[in-house]
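Here is what each chain is made of, one letter per residue.
There are 2 protein chains.
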Amino acid sequence: MVDENTIFIGKKPLMSYVLAALRQINADEGTLVIKARGKAISRAVDVAEILRHQYVKTANVDDIEISTERLTSDEGRESNVSSIEIFMSIGEAEKGGPTESMDDA
Amino acid sequence: MVDENTIFIGKKPLMSYVLAALRQINADEGTLVIKARGKAISRAVDVAEILRHQYVKTANVDDIEISTERLTSDEGRESNVSSIEIFMSIGEAEKGGPTESMDDA
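Chain order of the listed sequences is G and S.
Position 55, counted from 1, in the first sequence is what our numbering calls 55; the numbers after and before it change by one each time, with no gaps.
Here our numbering runs 1000 ahead of the position in the second sequence, where the first position is 1.
Derived by calculation from the structure, the hints in this document are not laboratory data.
Glycine included, C-beta positions come from ideal geometry on N, C-alpha and C.
Errors might be hidden in some of the hints.
[What the hints assert, rightly or not] Covered, in the sense of this in silico footprint (three residues per stretch, anywhere, with C-beta under 8 Å from a C-beta of chain G), are these stretches of chain S: (1) 1032 to 1040; (2) 1046 to 1057; (3) 1064 to 1071.
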């Protein structure tokens, strides 16, 4: 269910994820979840930031969740890895105004 | 003002940040901001997750903000870098219950 609007960030070039995110947030629902684990987390933030600042000015970050996933390696060793989910949606132009005052930070 | 309770994530060993975060969230105010830029963003999430799952079970993630900072290199070249701020606070044991249902995700 969630997966339909979810982009998983891996090791492809950054802009391929930005393009995929752009397609998704411009689809009917206008929602997008950017998900990443481990070192890809910083790339997930890059994708969200590039998307909303350079391509879809009306895109908002609605929520960000972090969690820990327990992975089992092929050798059966378990390890914890952090993950992030960035929930975005496209805003209506009429609403105007950013939801966060980034420039004041 | 904000800086007093802020931990900036850099290139030191991860656990040194976890310890600093632990000291800060156990201080009088009981608040903590974990901040990072660029590739250190994933480490910031690691610090928050290790802190709340392994050291301070009553620690909550209250809010997460992402933004873009414009940096100028020594040669005068400008570039954008993503940043994250993770706002945490220590919860009261009486309140009980996690604010997020991580295990259901």
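The hints, checked one at a time:
Given a C-beta distance limit of less than 8 Å, the hint that chain G covers the region 1032 to 1040 of chain S holds, as 3 residues qualify and 3 suffice. Counting residues of the region 1046 to 1057 of chain S whose beta-carbon sits less than 8 Å from any beta-carbon of chain G gives 4, enough to reach three: the coverage restraint holds. Beta-carbon proximity to chain G at under 8 Å applies to 5 residues in the region 1064 to 1071 of chain S; the threshold of 3 is reached and the given coverage holds.
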